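2 protein chains.
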Amino acid sequence: MATIKAGIVGYGNLGKSVEAVIKQTSDIELVGVFSRRDSLDTDAPVIPVADVAEYADKIDVLYLCLGSATDIPEQAPEFAKYACTVDTYDNHRDVARHYSAMQDVAEKAGNVAVVSTGWDPGMFSLNRVYAAAVLPGAQQNTFWGPGLSQGHSDALRRIEGVASAVQYTLPAEEALDKARRGEAEGITGKNAHKRQCFVVPESDDAALKERIENDIRTMPDYFVGYEVEVNFISQEEFDKNHTGMPHGGHVITTGELGATRTHHTVEYTLELDRNPDFTAAVQVAYGRAAHRLKESGQTGAFTVLEIAPYLLSEKSLEDMLREDV
Amino acid sequence: MATIKAGIVGYGNLGKSVEAVIKQTSDIELVGVFSRRDSLDTDAPVIPVADVAEYADKIDVLYLCLGSATDIPEQAPEFAKYACTVDTYDNHRDVARHYSAMQDVAEKAGNVAVVSTGWDPGMFSLNRVYAAAVLPGAQQNTFWGPGLSQGHSDALRRIEGVASAVQYTLPAEEALDKARRGEAEGITGKNAHKRQCFVVPESDDAALKERIENDIRTMPDYFVGYEVEVNFISQEEFDKNHTGMPHGGHVITTGELGATRTHHTVEYTLELDRNPDFTAAVQVAYGRAAHRLKESGQTGAFTVLEIAPYLLSEKSLEDMLREDV
Numbered sequence: 004m005a006t007i008k009a010g011i012v013g014y015g016n017l018g019k020s021v022e023a024v025i026k027q028t029s030d031i032e033l034v035g036v037f038s039r040r041d042s043l044d045t046d047a048p049v050i051p052v053a054d055v056a057e058y059a060d061k062i063d064v065l066y067l068c069l070g071s072a073t074d075i076p077e078q079a080p081e082f083a084k085y086a087c088t089v090d091t092y093d094n095h096r097d098v099a100r101h102y103s104a105m106q107d108v109a110e111k112a113g114n115v116a117v118v119s120t121g122w123d124p125g126m127f128s129l130n131r132v133y134a135a136a137v138l139p140g141a142q143q144n145t146f147w148g149p150g151l152s153q154g155h156s157d158a159l160r161r162i163e164g165v166a167s168a169v170q171y172t173l174p175a176e177e178a179l180d181k182a183r184r185g186e187a188e189g190i191t192g193k194n195a196h197k198r199q200c201f202v203v204p205e206s207d208d209a210a211l212k213e214r215i216e217n218d219i220r221t222m223p224d225y226f227v228g229y230e231v232e233v234n235f236i237s238q239e240e241f242d243k244n245h246t247g248m249p250h251g252g253h254v255i256t257t258g259e260l261g262a263t264r265t266h267h268t269v270e271y272t273l274e275l276d277r278n279p280d281f282t283a284a285v286q287v288a289y290g291r292a293a294h295r296l297k298e299s300g301q302t303g304a305f306t307v308l309e310i311a312p313y314l315l316s317e318k319s320l321e322d323m324l325r326e327d328v
Numbered sequence: 004m005a006t007i008k009a010g011i012v013g014y015g016n017l018g019k020s021v022e023a024v025i026k027q028t029s030d031i032e033l034v035g036v037f038s039r040r041d042s043l044d045t046d047a048p049v050i051p052v053a054d055v056a057e058y059a060d061k062i063d064v065l066y067l068c069l070g071s072a073t074d075i076p077e078q079a080p081e082f083a084k085y086a087c088t089v090d091t092y093d094n095h096r097d098v099a100r101h102y103s104a105m106q107d108v109a110e111k112a113g114n115v116a117v118v119s120t121g122w123d124p125g126m127f128s129l130n131r132v133y134a135a136a137v138l139p140g141a142q143q144n145t146f147w148g149p150g151l152s153q154g155h156s157d158a159l160r161r162i163e164g165v166a167s168a169v170q171y172t173l174p175a176e177e178a179l180d181k182a183r184r185g186e187a188e189g190i191t192g193k194n195a196h197k198r199q200c201f202v203v204p205e206s207d208d209a210a211l212k213e214r215i216e217n218d219i220r221t222m223p224d225y226f227v228g229y230e231v232e233v234n235f236i237s238q239e240e241f242d243k244n245h246t247g248m249p250h251g252g253h254v255i256t257t258g259e260l261g262a263t264r265t266h267h268t269v270e271y272t273l274e275l276d277r278n279p280d281f282t283a284a285v286q287v288a289y290g291r292a293a294h295r296l297k298e299s300g301q302t303g304a305f306t307v308l309e310i311a312p313y314l315l316s317e318k319s320l321e322d323m324l325r326e327d328v
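Protein sequence lines correspond, in order, to chains A and B.
In terms of the working numbering, the first sequence is numbered consecutively and its last residue is 328.
In terms of the working numbering, the second sequence is numbered consecutively and its last residue is 328.
Just so you know, the hints here were simulated from the structure itself, not pulled from any lab data.
Some hints here could point you the wrong way.
Cβ-to-Cβ under 8 Å is the rule here; a few derived chain A residues that face chain B [said to hold, decoys possible]:
id : residue
1  : V24
2  : S119
3  : V137
When the alpha-carbon atoms are kept at most 20 Å apart in a straight line, the in silico DMTMM-like pairs for lysine to aspartate or glutamate are as follows [stated by the list, open to error]:
id : chain 1 : residue 1 : chain 2 : residue 2
4  : A       : K84       : A       : E57
5  : B       : K318      : A       : E259
6  : B       : K193      : B       : E230
7  : B       : K297      : B       : D30
8  : B       : K84       : B       : D54
9  : A       : K181      : B       : E274
10 : B       : K181      : A       : E274
11 : A       : K26       : B       : E259
12 : A       : K297      : B       : E309
13 : A       : K193      : B       : E326
14 : A       : K318      : B       : E309
15 : A       : K193      : A       : D224
16 : A       : K84       : A       : D107
17 : B       : K318      : A       : E309
18 : A       : K297      : A       : E32
19 : B       : K297      : A       : E309
20 : B       : K197      : B       : E177
21 : A       : K318      : B       : E259
22 : B       : K318      : B       : D30
23 : B       : K197      : B       : E176
If you're wondering where the values come from, they're calculated on a predicted model, not measured in any experiment.
From the three backbone atoms N, C-alpha and C, an ideal C-beta is built for every residue, glycine too.
Between the sequences and the hints, there should be enough to build the whole structure, so can you do that?
Below is the structure:
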């Protein structure tokens, strides 16, 4: 199989992880990193993002490593004109709109745009759909953490007056046990978790801090409706205690089946030492799928739900049938 | 969406569970149970299996609830001539051959044959492929139980001179922990598990028991290479202690990712009160997928690896994009 030629757009934590994960594959080759900056700390070619159109024939897949808050909605459709794209758009309530925007552009351009990969959305979405599809009347709960939420930290950092910020999400242990027993009725993502924010303000001004806290608590989708804890800390404390990026979580689904309504529990668990590395690993694998879908004549937008599992693997289907089924 | 018209072939534990699970769905309707027997303990129509050809126009999906040891290899291709089929063929090392046999017949007949659904193969296969695809150089282990293995019990019961039999598979706890730490090198399915057989012989004759035990220990794929414990017990003891059907297990995958080789663990766990009910639930969901694939113009054999997740669900893709991604 020919090597898949890849580009990375954006070179934050996720872009750097994608670069490193691509080095761990044998079938994907990095052509370059597209950036608005002239130089980056990478040994890969750095290409002005404005030149992306010139690379349409040299790149099979563009990994869009851009923030979900504003960059993906504003910029992703443009990139789908030039190559297949894979993004990690993580605003769950807006996925359908983003999907539709990418569909129009990718179909017209004859490309495949895979949207909202990563682990949630992504691997967790897959597990929600599989488990609920096989268990009629399933009870299903998703729990996050303990760990750092990249999307929510990103949202905090975009608030004016914030110098540094992280957001940790913590699941309630008793909620996990209730979910496994199938007694989680009434438990929602919102009441089973706490959103803990550590924020370094640009100054110690009380009015500034009050406005930042208000901006956090009133941010729709991200914070409204959750138990939110806002802690203002110094840059020193931030650098010392809040630069790791562990994460993980559980998708727990239960259902009562058959004539005697027997109890069945499906649990999918992730324990991730470094969130952007795993997000990148999922994104990289879906680049393989995007390329193969296009090669087989498909175009348009795809979520992970519409992509057959074997398309993600470096292995041939024949090897999988022999070794993995 | 029109109701999917289903038939069940075979009415053992699995067939009965499929019947009960179909009742829990709102989009699948049971036309009848195909059987060689005249009457069955069911309120569904019982149809002679020899008449299946006459039902080709009245049935969308045939759920093949037949044993893997001989029935599926011998009979499944015949059924694929008349309708889409879904089976739970569980002889892992023979899946590729079975797939190929079903491919020929189903393609010629314009039907879709989904092979080897259930949970292992089935949901476990999916999780093995997804986790290994996203973690380059993954270390992966599958653990079964504690629980009853239907396929292996079936194999025991087919040995001449066996009146009743069950086989339990037990995972080693320390093997689970090693796998989560990524230190499971050298651990195989075979040395992390014990296969425990409880067999009721047709008579108490010593030579009979010796021959049965030898037949078990030398059965390829099923028992050769495993630590096997064979216990001969009375029918009374069997009826009292060995008629439940719990099962479950874990697929544990770890990988080291990115520039600093951070550790990542993916674990998929099933805890099933009644194995045939869950196997049936997965099989029923893949019937939905088989029908939809055929409706979209596809034909031939499919494993779970080749089927996009959204095709399994009663929900529309639009609802999933809004609620599950």
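Evaluated hints:
1. With its C-beta approaching chain B no nearer than about 6 Å, V24 (chain A) sits inside the 8 Å limit, and its interface hint holds.
2. Of the supplied interface hints, the one on S119 (chain A) holds, with its beta-carbon coming within about 6 Å of a beta-carbon of chain B, less than 8 Å.
3. Taken as an interface hint, V137 (chain A) checks out: its beta carbon lies about 5 Å from the nearest beta carbon of chain B, inside 8 Å.
4. Simply put, K84 (chain A) and E57 (chain A) have alpha-carbon atoms about 12 Å apart, close enough for the 20 Å limit, and the pair holds.
5. With a CA separation close to 19 Å, the supplied pair K318 (chain B) and E259 (chain A) stays within the 20 Å bound.
6. Restraint check for K193 (chain B) and E230 (chain B): the C-alpha separation of about 7 Å stays at or below 20 Å, so the hint holds.
7. The straight-line distance between the Cα atoms of K297 (chain B) and D30 (chain B) is roughly 16 Å, inside the 20 Å bound, and the hint therefore holds.
8. About 13 Å separates the Cα atoms of K84 (chain B) and D54 (chain B), which keeps this hinted pair within 20 Å; it holds.
9. For the hint pairing K181 (chain A) with E274 (chain B), the CA-to-CA distance comes to about 15 Å; that is within 20 Å, so the pair holds.
10. Between K181 (chain B) and E274 (chain A) the CA atoms are separated by roughly 15 Å; this keeps the pair inside 20 Å, and the hint holds.
11. With a C-alpha separation of about 13 Å, the suggested pairing of K26 (chain A) with E259 (chain B) holds against the 20 Å cut-off.
12. Of the pairs offered as hints, the one joining K297 (chain A) and E309 (chain B) holds, with about 16 Å between alpha carbons and a cut-off of 20 Å not exceeded.
13. Of the supplied pair hints, the one linking K193 (chain A) and E326 (chain B) holds, its CA atoms being roughly 15 Å apart against a limit of 20 Å.
14. A C-alpha spacing of about 13 Å is found between K318 (chain A) and E309 (chain B), which places the hinted pair at or below 20 Å, so the restraint holds.
15. Distance restraint check for K193 (chain A) and D224 (chain A): the Cα-Cα separation of roughly 11 Å lies within the 20 Å cut-off, and the hinted pair is therefore satisfied.
16. Of the pairs offered as hints, the one joining K84 (chain A) and D107 (chain A) holds, with about 10 Å between alpha carbons and a cut-off of 20 Å not exceeded.
17. Annotation: proposed proximity of K318 (chain B) to E309 (chain A) holds, straight-line Cα distance about 13 Å (limit 20 Å).
18. Between K297 (chain A) and E32 (chain A) the CA atoms are separated by roughly 18 Å; this keeps the pair inside 20 Å, and the hint holds.
19. Between K297 (chain B) and E309 (chain A) the CA atoms are separated by roughly 16 Å; this keeps the pair inside 20 Å, and the hint holds.
20. For the hint pairing K197 (chain B) with E177 (chain B), the CA-to-CA distance comes to about 13 Å; that is within 20 Å, so the pair holds.
21. Simply put, K318 (chain A) and E259 (chain B) have alpha-carbon atoms about 19 Å apart, close enough for the 20 Å limit, and the pair holds.
22. Note on K318 (chain B) and D30 (chain B): the hinted pairing holds, with a Cα-Cα distance of about 10 Å set against a maximum of 20 Å.
23. For the given pair, K197 (chain B) sits about 12 Å from E176 (chain B) by alpha-carbon distance, which is consistent with the 20 Å threshold.
Hint check: no violations occur; every hint is consistent with the structure.
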